[in-house]
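Novice: So the protein lines, in turn, are chains A, B, C and D.
Numbering that gives the first Met the number 0 puts the first residue of the first sequence at 0, with every later residue one more than the last.
Numbering that gives the first Met the number 0 puts the first residue of the second sequence at 0, with every later residue one more than the last.
Numbering that gives the first Met the number 0 puts the first residue of the third sequence at 0, with every later residue one more than the last.
Numbering that gives the first Met the number 0 puts the first residue of the fourth sequence at 0, with every later residue one more than the last.
Just so you know, the hints here were simulated from the structure itself, not pulled from any lab data.
We put the beta carbon where it would ideally sit given N, CA and C, even for glycine.
One thing to keep in mind: the hints can contain errors.
Covered by chain C, per the in silico footprint, the following chain D stretches (three or more residues, Cβ under 8 Å) [claimed, not checked]:
1. 21-35
2. 110-121
3. 129-137
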Amino acid sequence: MTLKIKYFGMLAEITQCEEETLSFSKGTAADLLKVLFEKHPILEEKEFQIAQNQTFISNDSIISNAEIVLLPPFAGG
Amino acid sequence: MTLKIKYFGMLAEITQCEEETLSFSKGTAADLLKVLFEKHPILEEKEFQIAQNQTFISNDSIISNAEIVLLPPFAGG
Amino acid sequence: MTKERKPKPVFIEGAISAEFIGNSIAKHQSKTTIGAHDIFLGQVRADQIEGKTVKAIEYTAYEDMANSKFHDIREATFKKFNLTCMHIYHSLGTVKAGEICLFVFVSSPRRVDVFNAIEYLVNTIKEQVPIFGKEIFEDQSHQWKVNS
Amino acid sequence: MTKERKPKPVFIEGAISAEFIGNSIAKHQSKTTIGAHDIFLGQVRADQIEGKTVKAIEYTAYEDMANSKFHDIREATFKKFNLTCMHIYHSLGTVKAGEICLFVFVSSPRRVDVFNAIEYLVNTIKEQVPIFGKEIFEDQSHQWKVNS
């Protein structure tokens with residue numbers, strides 16, 4: 000399937016990308032991360048969470064949604 | 000000695016008095032209360048604290064200051 | 000912080016206006032070490048008591064003792080918590096239902112101090128400061144308020 | 000209180016003004032069941048970091064998720080505490096040092112609920128809402144803020 004990946008905050012800065020599309024065969028978040036780390040090696044050093052349908056997912060969650068969001072630590076308030 | 004007695008809030012209302020002077024031979028707060036209860040019997044039913052030099056005193060404290068203040072429960076804020 | 004601060008006036012005649020509070024907030028924008036403010040406002044409730052409605056509270060105080068208590072409470076709070084500044088205002092006289100009678104304002108670099116300080120301050124003021132409140136009903140009768 | 004409330008806008012472009020806060024307080028004076036308000040304000044600090052001074056924070060958010068989080072947090076807070084009303088505003092874009100970026104306002108008949116609710120709300124917002132802050136130094140360099 001074709002995924003839309005969104006990056007926020009420092010992740011958008013270091014990847015120099017706010018949004019990109021990529022094709023992805025079915026798999027888990029860990030599988031997706033392998034693809035993303037290959038494309039943006041600098042991501043591997045950073046702390047972030049992955050959200051699908053506005054909910055955080057773990058490494059073994061299946062990617063089922065076309066929009067995946069990478070979120071760095073929060074800093075509201 | 001001559002004491003000045005001050006009443007605040009509901010105590011001023013029920014005694015119909017904000018401030019009065021009375022002569023008092025040396026003694027404790029309990030002794031003074033006897034005098035005040037005789038003068039204002041309604042005081043005996045009410046909850047209040049006695050302050051001398053802006054500090055609360057107990058029944059067995061010696062009356063040493065010329066100004067004694069009777070304070071009903073607080074209601075600030 | 001152990002330096003002694005000089006007593007600041009606390010009592011205000013009548014209600015405390017929203018504009019006064021807004022101006023007080025604005026004055027803190029030059030203090031750039033502050034990261035967190037907490038403001039407590041006490042407002043007069045139109046309580047229903049035995050079918051009658053409170054329309055105002057008339058506040059009086061044993062002012063000498065109240066001012067020295069406010070000063071002691073300020074000093075104790077500055078010692079207990081890491082605060083950049085603190086302001087306390089309380090009404091005397093008539094405050095109508097819906098109007099503000101108590102304004103407590105604390106500021107600190109960090110939020111944990113303002114949360115702890117505001118609760119300590121408001122509870123201590125209610126418990127220790129000799130202020131008296133006469134709840135006036137719509138029919139002009141009254142009762143004396145007691146803090147719970 | 001279990002009724003569902005419709006989502007209210009939270010994000011404001013730029014700093015939150017003292018006047019806006021004052022007006023918000025004034026609007027509550029017709030609500031005469033309220034006895035206690037608590038207001039938390041987050042203010043941008045001019046922190047010194049390795050010899051450089053923060054002059055502003057630029058806020059961005061994953062807005063869809065942030066708005067739905069704010070809604071969930073509102074509902075949870077109304078269920079946990081006895082509140083008459085609740086308002087939350089957060090800045091997006093640039094907020095200078097000394098300016099206000101977060102305004103949380105809770106009101107209740109009694110003070111214990113506002114103390115507990117304000118702390119819960121502010122901590123939960125900081126922990127759960129996807130908002131990001133870029134601290135801009137005076138020399139135009141920057142670092143990314145992380146909530147502690």
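Novice: Taking 8 Å as the Cβ threshold, is the statement that the region 129-137 of chain D is covered by chain C upheld or broken by the three-residue rule?
Specialist: That given contact is violated, which follows from only 0 residues of the region 129-137 of chain D lying within Cβ reach (below 8 Å) of chain C.
Novice: Are there three or more residues in the region 21-35 of chain D whose C-beta lies within less than 8 Å of some C-beta in chain C?
Specialist: holds (count 13)
Novice: Can the region 110-121 of chain D be counted as covered by chain C under the rule of three residues or more with Cβ-Cβ separation shorter than 8 Å?
Specialist: Per the Cβ count (6), the hint holds.
When the structure is compared with the earlier hints, a violation turns up for hint 3 alone.
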